[in-house]
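Undergrad: Following the hints, put chain B in place on chain A, whose structure we already have.
There are 2 protein chains.
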Amino acid sequence: MAAERGTRIVVIGGGAAGMSAAASARRADSECGITVVERGPYVSSAHCGIPYYISGLLEDIRELTVYSPEYFERERRIRVMTHTRATMIEHSARRVIVRSVAQGNEESLGYDSLVLATGARPIVPSLEGADGLNVFTARNLEDAVKIRQYVDNNPAGTAVIVGGGWIGVIMGGALSSRGLEVVLLERTDSLLPGFDRSLSCACEEKLKEKGVKIRTGVSVTGLAKERSGLVSSVFFSGGAVKAGLVIMAAGVAPSSELFSAYGSKQKGAIEVNDLMKTGIEGIFACGDCATAYHVVAARQVYHPLGTTANRQGRVAGANAAGRYSLFGGIAGTQALKVFDLEMARTGLSSAEAAMYGFKAFDVLTTSPSRARYAPGGSLITTMITVEQATGRVLGAQMAGRESVAARIDAFVPIVSEGMTLQRAVELDMSYTPECSPLWDPVIYSLREALRRHTQEHR
Amino acid sequence: MAAERGTRIVVIGGGAAGMSAAASARRADSECGITVVERGPYVSSAHCGIPYYISGLLEDIRELTVYSPEYFERERRIRVMTHTRATMIEHSARRVIVRSVAQGNEESLGYDSLVLATGARPIVPSLEGADGLNVFTARNLEDAVKIRQYVDNNPAGTAVIVGGGWIGVIMGGALSSRGLEVVLLERTDSLLPGFDRSLSCACEEKLKEKGVKIRTGVSVTGLAKERSGLVSSVFFSGGAVKAGLVIMAAGVAPSSELFSAYGSKQKGAIEVNDLMKTGIEGIFACGDCATAYHVVAARQVYHPLGTTANRQGRVAGANAAGRYSLFGGIAGTQALKVFDLEMARTGLSSAEAAMYGFKAFDVLTTSPSRARYAPGGSLITTMITVEQATGRVLGAQMAGRESVAARIDAFVPIVSEGMTLQRAVELDMSYTPECSPLWDPVIYSLREALRRHTQEHR
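Going line by line, the protein sequences match chains A and B.
If you count by our numbering, then the first sequence holds residues -5 to 452, one letter each, in order.
If you count by our numbering, then the second sequence holds residues -5 to 452, one letter each, in order.
Calculated from the structure, these hints are not laboratory results.
Please note that the accuracy of each hint is not assured.
Copies of the same chain are indistinguishable here, so a pair counts whether it falls within one copy or spans any two.
[As the list claims (entries may be wrong)] Below are the SDA-like pairs computed for lysine to any residue, each with C-alpha atoms no more than 20 Å apart in a straight line: (1) Lys331 to Gly371; (2) Lys200 to Glu428; (3) Lys202 to Gly173; (4) Lys331 to Trp433; (5) Lys219 to Phe229; (6) Lys204 to Phe229; (7) Lys331 to Ser222; (8) Lys331 to Pro362; (9) Lys353 to Leu224; (10) Lys331 to Gly276; (11) Lys331 to Pro369; (12) Lys331 to Pro431; (13) Lys204 to Glu428; (14) Lys353 to His77; (15) Lys353 to Gly412; (16) Lys219 to Lys259; (17) Lys353 to Glu411.
Extracted from the complex, chain A is given alone in its bound form (with noise of 0.2 Å):
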């Protein structure tokens, strides 16, 4: 399949997932050409700090990008096509037609192998004035760089966010304590969907108390469009507010269009085996484009995060390099920080743990996070959710104020290894009095759900 001139592999988008594939090709092949095309400026950016960059705590949104393309030219000769669009993938000529945005003139790209890592873009809901010149998404450094430059010369507007999950809670803190009125919009009647109710509340009282104004259980239903081209308020059912500046984080959807001729989907995701091959050979496909295989629910699930592109990429390029490399999977892990309350969250859900027909029940504790004696402890709180019939962990929540992401990542070999509470129960955690109390509260808490467990399951 190799080329005289050694394997090409051509890879779409330049994000994580995509500059993770290239540079772990390259790692895998000192030979192979690799070209990067990129619709955008940037490659290689870190989404999750723009929330730093909107706040004012970093000042130059380059410092959002690990690496630039001169970069990967230069020392990984990996060449890279910023501004520049897929637009077809002629797979049995083993070529993918790309566009300059700018210019508009095409080129086509042979390959041997394909990386599809073209991303996840927001839900725009249609509704009128959502084409406001004052709203926004906050998706990639184009939307941050836009954002900021609006809050720089709006220091004290309101700012409405439409979806109070991840992205909205974040940014929603971020233009809080950038000092704008921050109203969060949420459809459903709690914020941050992945998480129970009886731990998402911490983090609808801490936005609160920080002057975020919530309102939950009520759908947008239009936008006010000025002959400005600006949005002045929001719509909703039971009333509006005004609008200084409009956030959409209505969640987000995989960009696979460029794959739709080909394989496969799930919720539109490009559907992916542990290899990261998708059903067409010598296509492979990686990050928030993609499905990737879920460890607790067995299966392949469509879970967008970071952290998952960069792992994906990683098997991806090798993959496409010739290498055999596998993806260990992903297991619903995901943390946040808001102010001072860290949540986070490993395996399923009780609302996920039903829809993969789990039969399950949930066990909620709130425990100290030091010894009584020991100064400055607070409490955490605690959800497990455990397989009726076998006393299997499926999954932990989290919320507190104390090492609460890195107290998730106990449980994360505990669910990832399908350990039963009775097992897990017996794990000889780590004490000491500032730090945690004798039962720290991921022991304390499968102490509890165990003594549930036994009184009530079996």
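TA: Just chain B, lined up with the frame of chain A:
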């Protein structure tokens, strides 16, 4: 075996293990008779809190007892005999002879099950002057009261600590933060023998930064005791140091004399199985006087620790009351905090791996605690010990300022379940910029170890 009015259970020792055993026996059998025999005045004491009492953060020593003897008598119907010492087991007659420490009168307690939870005692080197009035050990609450009294009366003195293990280091920190000049003398060439030197040096630096003077590689040869009965200086190989107060922290040895005539021992500790049974039917042992099964070393070891004492006590108590309960073993996990430095470990160190016959290698990494662009991060040093042939993770040690104890807990299931690097590195750990970089030190160190293993050992 049960007497007419229920099983008679006698527990020797009212520390963490003994009181856990008694409470667990009560939960298992609401009718059995339970007597706890304790030499000192306190039961259910939290030794780990002693530094907080010494440093002045706690005013009342009773804050370090979880429950009073009266609580156990009243709420759990457990007879608690404080100031009482067990002097002999007459197992053929199923009775134990106890003697009141104050009055000297003896009593014979019949039992069906006997639980030995006699703990450990500090090793005091047999040195000239070691009986000085200002020479203390730091094992129990009585010790803590004496030290605190001395320090309250002599707030500007010099404390010499003999031994740079866990207790020596923690007491050094507490006395230093109390304003005393502290000199720490350690026989080996580094503090905290359970850690590799490349990590324990962080502890040494932290203590020095806070003004503690450290001399490693020195043997204490004697103490100059004045006519007043007070020691005025401590002599060691290569010098002498003035002392207002001396703390002997040269390690502990199991208090197992009572059992001398009976079953087998290891390093003086009573050998038990996973049911906490000794070799003698009807006699159980738990806590600091007993061995514990090490899940990585796959054998019984002596590794006394508060969490283990609690866990083993529960198991011993349940089994003593006729239930069937199994101890899940230890993984060698330990954590401590000295000023703002956290140090934690789990599994086997390099030296322990060699001792238990593993052919292993270590990988040392230093990596950031947060994303590059998130404010306030610091460096975490991690050492992973890996079995050469299999790539199995045998142990991990960490030192740093942020969530190190919590981070080591993510390694606990990894080493306990015998996961390989290849498998562990694929765990879907959490990521959020203010709590970790994209690759948290846990994953970063595993990745580096895997890279090394792939390059050098296969």
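Undergrad: If a hint holds in the structure, say so; if it does not, say that too.
TA: Right, here's what the structure says about each hint:
1. Lys331 to Gly371: both (18 Å within a copy, 15 Å between copies)
2. Lys200 to Glu428: Result: close only across copies, 17 Å inter versus 24 Å intra.
3. Lys202 to Gly173: Only inside one copy: Lys202 and Gly173 sit 14 Å apart there, 43 Å across copies, limit 20 Å.
4. Lys331 to Trp433: between (24 Å within a copy, 17 Å between copies)
5. Lys219 to Phe229: Answer is within; shortest intra-copy Cα gap is 11 Å, inter-copy 85 Å.
6. Lys204 to Phe229: Result: close neither inside a copy nor across copies, 24 Å intra and 59 Å inter.
7. Lys331 to Ser222: neither (37 Å within a copy, 59 Å between copies)
8. Lys331 to Pro362: Classified as both: same-chain Cα gap 19 Å, cross-chain 18 Å, threshold 20 Å.
9. Lys353 to Leu224: neither (50 Å within a copy, 69 Å between copies)
10. Lys331 to Gly276: Classified as neither: same-chain Cα gap 40 Å, cross-chain 53 Å, threshold 20 Å.
11. Lys331 to Pro369: Result: close only across copies, 13 Å inter versus 23 Å intra.
12. Lys331 to Pro431: The answer is between: 13 Å across copies meets 20 Å, while 23 Å in one copy does not.
13. Lys204 to Glu428: between (28 Å within a copy, 19 Å between copies)
14. Lys353 to His77: Intra 49 Å, inter 53 Å, cutoff 20 Å: neither.
15. Lys353 to Gly412: Classified as within: same-chain Cα gap 15 Å, cross-chain 29 Å, threshold 20 Å.
16. Lys219 to Lys259: Classified as neither; 37 Å inside a copy, 83 Å across copies.
17. Lys353 to Glu411: For Lys353 and Glu411, only the intra-copy Cα distance (19 Å) is at most 20 Å; the inter-copy one is 26 Å.
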